[in-house]
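Throw the hints in and build the complete structure from the sequences for me.
Order-wise, the sequence lines are chains A and B. The opening residue of the first sequence carries number 785 in the working numbering; numbering runs sequentially from there. The opening residue of the second sequence carries number 2 in the working numbering; numbering runs sequentially from there.
Calculated directly from the structure, the hints in this document are not laboratory data. Heads up, the beta-carbon is just placed ideally off N, CA and C, and yes, glycines get one too. Possibly wrong hints are sitting among the right ones.
To be verified - Think about it this way: if two alpha-carbon atoms lie no more than 16 Å apart in a straight line, the pair counts; the simulated EDC-like pairs of lysine to aspartate or glutamate are:
(1) B:131 - B:175
(2) B:132 - B:175
(3) B:250 - A:911
(4) B:250 - A:994
(5) A:832 - A:940
(6) B:118 - A:967
(7) B:250 - A:967
(8) B:202 - B:32
(9) A:886 - B:100
(10) A:964 - B:73
(11) B:13 - B:175
(12) A:886 - B:201
As the list claims (entries may be wrong) - One side of the interface only, derived from the structure: several residues of chain A facing chain B at Cβ under 10 Å:
(13) 880
(14) 882
(15) 890
(16) 907
(17) 988
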Amino acid sequence: MSQKKTEKLIDENDVRIDGRKLDEMRPVKIEVGILSNADGSAYIEQGKNRILAAVYGPREIHPKHQALPDRAALRCRYHMAPFSVQERKSPAPSRREMELSKVIREALEPSIFTEYYPRTAIDLFIEVLQADGGTRCAGITVAALALADAGIPMRDLVSSCAAGKVEGRLVLDLNDFEDKGGEADMPIAYMPNLNAITLLQMDGMLTGEEFEQVLNMGLEGCKQISQLQKETLKSKYVVAKEAETEGEEETETEAEK
Amino acid sequence: MSSIMAAKVRQKRIAQLIARGKRLDGREPNDCREVQIESGLIERAEGSARVRLGRTEVMVGVKIEAGEPFPDTPNEGVLTVNAELVPLASPTFEPGPPDENSIELARVVDRGIRESKAIVTEDLVVEPGKKVFIVFVDVYVLNHDGNLIDASALAALAALMNTKMFNYEVKEGEIKIKPGYKPLPMRNYPIAITFAKIGDKLIVDPWLEEEQVMDARLTMAVEKDGKICAMQKGGYGYFTAQQIFEASKIAQQKAEELRKLVVKE
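Shown next, in the form of structure tokens:
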């Protein structure tokens, strides 16, 4: 985190640089089932973050030696587009991206019944088209929906959100400026129905007390995200189902005539 | 233990014992293994240390070279942490470019040092925005018997505290090394404490066979005033918020104990 403090990130009325309250999330827009080739896909906009996720599988695994005898192998690639950040990022995977791919996989795998598909691969691709802080969290949120869209059986829907500390105050869902200029950032992924935290990282400095408050704040954020995820899935699939039943009714009435 | 995978029976035994608050090697749930620290074994390096944590063994060497600062921090030296899982350390390690495990190890060690601002990087500037000193921390795992993160973080801290910065003067933009040394300026001492979750129990400092049984792993780095400065969850399992709060309290206490072994004031 840089020590540069050119302008204040939070004003005296506790209003943040983008006009949010301390515990307010950025506006979130999610869509599911948007890529025709993928078995499951989803897109999220959270603040200026624009992230796509696609799932292929369960499918045959290549190379074969990666196959697991008792479950499917979840393979995850988190990747940032070269144009997603201010200074062009080399498209080759960086050490940060490799670490994030690992922790995202470990955040999602507890939710999936991988034991249903031994010796197969479930491939998950997360492409960050524009980054604005909190991309791993938005990436997990959107990836969970892509997995659901692919029809992969899951124990719960993983929801993710970050909380942290900026200019001495505890805040929810840090944007890029707050992440870089703040004192601490804690990304969390959570399965609300199982009360299970599947991703937890932190950089920055927090006292024991602050740590508890930030974690609780982040979990509340995850619960809000969870609501949005469920609404998104319902709006796609419940509507589709209703349309189907309506269609059936019509054919019935036609048949009666 | 020559076999990598503990036999299934043994794994079951480990899990059963932990459920009753006991461990196969006789430790209490919150006990670390015996720690041995030796500093300054490598004369060619500016700083070095070898840490043994039970049978886990990690060597860290620190080299300092002149280089360019990052554009966003022109008035600070640079910290670079790299980790090598050397093939001689375990039958499961292979030669080749760093895999995700060694990258994660390096980045978690890095996070503890960086976020606690352990090194006074402002004192490593030769010419702001142009020339600074880069501190290379190379973690070399020599024997893998579990909990590489804590052993590596401890060895990195011990090596940094052992690091001698050469005296220099700047003549016509060139760095001229002068005789004599001074210690690398340090202001904080982060200690990493790793927990394994086995069943619904947490244990401190898992050794290899416990790592093979664990559902998930949680590392917390604690700085000198007891603040938490870095955190990383790993593994395919999960934690409850309650378990994490519990772990943070134990980590603060254990870090204090371990720090006394390195920082003698």
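Now for the hints, and whether the structure bears them out:
no. : hint          : in the structure
1   : B:131 - B:175 : holds, 12 Å
2   : B:132 - B:175 : holds, 10 Å
3   : B:250 - A:911 : violated, 37 Å
4   : B:250 - A:994 : holds, 13 Å
5   : A:832 - A:940 : violated, 27 Å
6   : B:118 - A:967 : holds, 12 Å
7   : B:250 - A:967 : violated, 21 Å
8   : B:202 - B:32  : holds, 14 Å
9   : A:886 - B:100 : holds, 10 Å
10  : A:964 - B:73  : holds, 10 Å
11  : B:13 - B:175  : violated, 62 Å
12  : A:886 - B:201 : violated, 23 Å
13  : 880           : holds, 8 Å
14  : 882           : holds, 5 Å
15  : 890           : holds, 6 Å
16  : 907           : violated, 16 Å
17  : 988           : holds, 6 Å
Going down the numbered hints, you'll see the structure goes against 3, 5, 7, 11, 12, 16, while the others check out.
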